[in-house]
Amino acid sequence: MTEAMIRNKPGMASVKDMPLLQDGPPPGGFAPVRYARRISNTGPSAMAIFLTFSGAFAWGMYQVGQGNKIRRALKEEKYAARRTILPILQAEEDERFVSEWKKYLEYEADVMKDVPGWKVGENVYNSGRWMPPATGELRPDVW
Amino acid sequence: MAANAAVDGTGNPIPTSAVLTASAKHIGIRCMQENMAFLKCKKNDPNPEKCLEKGREVTRCVLGLLKDLHQRCPKEMDAYVGCMYYYTNEFDLCRKEQEAFEKACPLK
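In the order they appear, the protein sequences are chains W and B. Residue numbers for the first sequence follow this note's numbering, beginning at 2 and rising by one. Residue numbers for the second sequence follow this note's numbering, beginning at 8 and rising by one.
Heads up, some of the hints might be wrong.
To be verified - Which chain W residues face chain B? A few, computed with CB under 10 Å, are given here:
(1) 4
(2) 54
(3) 75
(4) 94
(5) 95
(6) 132
(7) 135
(8) 137
Calculated from the structure, these hints are not laboratory results. Glycine included, every Cβ here is placed at the ideal spot set by N, Cα and C.
Isolated chain B, as found in the complex (with noise of 0.2 Å):
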């Protein structure tokens, strides 16, 4: 399998850094409260016991969005990925992937 694969065989994304820096926007908007919650609970004890719970969540949001945006768009973000991976994560060079995924993905 290539390395600027977004999802394996079976339709799971992977989340490399190409694609989570792909989909950042996404993961900003959709799942901005478990990130925050997250972040909260880091600030108040770093010990990564106490936050497994908050990031897990995290974890089902973020892999859940990447799987939703893979299902609805999948050539535009197959397409920026591999934009991305080829940059090594460089926004400025991908616009024109960005801008077609973006098209067919909105922020909402």
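Next comes chain W alone, as it looks inside the complex (with noise of 0.2 Å):
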């Protein structure tokens, strides 16, 4: 129905005289609300706080060189297994590259034995030393 039909007053004149429904506070107000700053004085001082947060630092980076020295270990562990087993296996290749080398001197020899004054076998560079062969003649699966 109509806000007229429910809201009307005996005696009504017009719709202008009507009385008001509003949404208001309830009689008497409301309760009084806090609004002010309440930040507490106490707690830890700031000596206090510096020296927690020092002590953390000083374990943390104790406890990072306990780590590293259980890493450095570890690494060490790796590099001497490495090392015993360097000798074979830089054995059983020196037999394969012999091997290798004499089949190239060989075929060397077998291609320049046309050649005038040419001395088969390492004419490879002068300092005394040995060196390995340079081109990638010897390993074509490597190269």
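Join the two chains, each given in its own frame, into one complex according to the hints.
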């Protein structure tokens, strides 16, 4: 039904005389609201906070050092194992290389047998030290 | 034959990386003389033809040691080598097998 039929007051002459229907505060008003700051001054002092922080930092760095010690020991173990098996691996590679090198020298002698004044075999550098062969011919599978 | 076998059909040890790293500590103790002699020879002259004899000593020592280890404690060595193969020669991941192996075949 229309507002006039709901809110009417007896003896109303026009709609403009209807009683008010508003949302408002309760009688006596609302309770007071606190909006002031209340930050307490209790708790640890600055020195206490600083010392706790320094202590935690020092303890953490100590743990880092201990961890590095452990990791270094692990790496040392790995390197020591590699050091012990290096000679046998090198010996096997030497055997393989020597047989390949002999075959290569024979091939060179065969190819250069008609060239006068060619000293077959090693005509490498003049320093007197042994240098590994520089071309990739001996290991075509690698290169 | 599986790739992580320590010996081939006739009982000869195969020096794969897993087998060598598994027995590295034993090699370091039992074949130290031959290793040092070979390395000194190499330091003098890097030519492979000059150090062939010492290299053969090293190979003989290491392969003999591997065979001896495998004969004395086959199961522990196989377990350790299998673990090394699985974890690609990472010592820290195979501590259990390492302890069992070193208890069965002590480092002396």
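To see whether the hints hold, each was checked on the structure:
1. The interface hint given for residue 4(W) is broken, as the beta carbon of that residue sits about 84 Å from the closest beta carbon of chain B, more than 10 Å.
2. With a least beta-carbon distance of about 34 Å to chain B, the hint placing residue 54(W) at the interface is violated under the 10 Å criterion.
3. The interface hint given for residue 75(W) holds, since its Cβ lies 6 Å from the closest Cβ of chain B, which is under the 10 Å cut-off.
4. Look at residue 94(W): its Cβ gets to within about 8 Å of chain B, closer than 10 Å, so that hint holds up.
5. For residue 95(W), the interface hint holds, the least distance from its beta-carbon to any beta-carbon of chain B being 4 Å, beneath 10 Å.
6. For residue 132(W), the interface hint holds, the least distance from its beta-carbon to any beta-carbon of chain B being 8 Å, beneath 10 Å.
7. Because the beta carbon of residue 135(W) sits about 14 Å from the nearest beta carbon in chain B, more than 10 Å, this interface hint is broken.
8. Hint status for residue 137(W): violated, given a least beta-carbon distance of 18 Å to chain B, over 10 Å.
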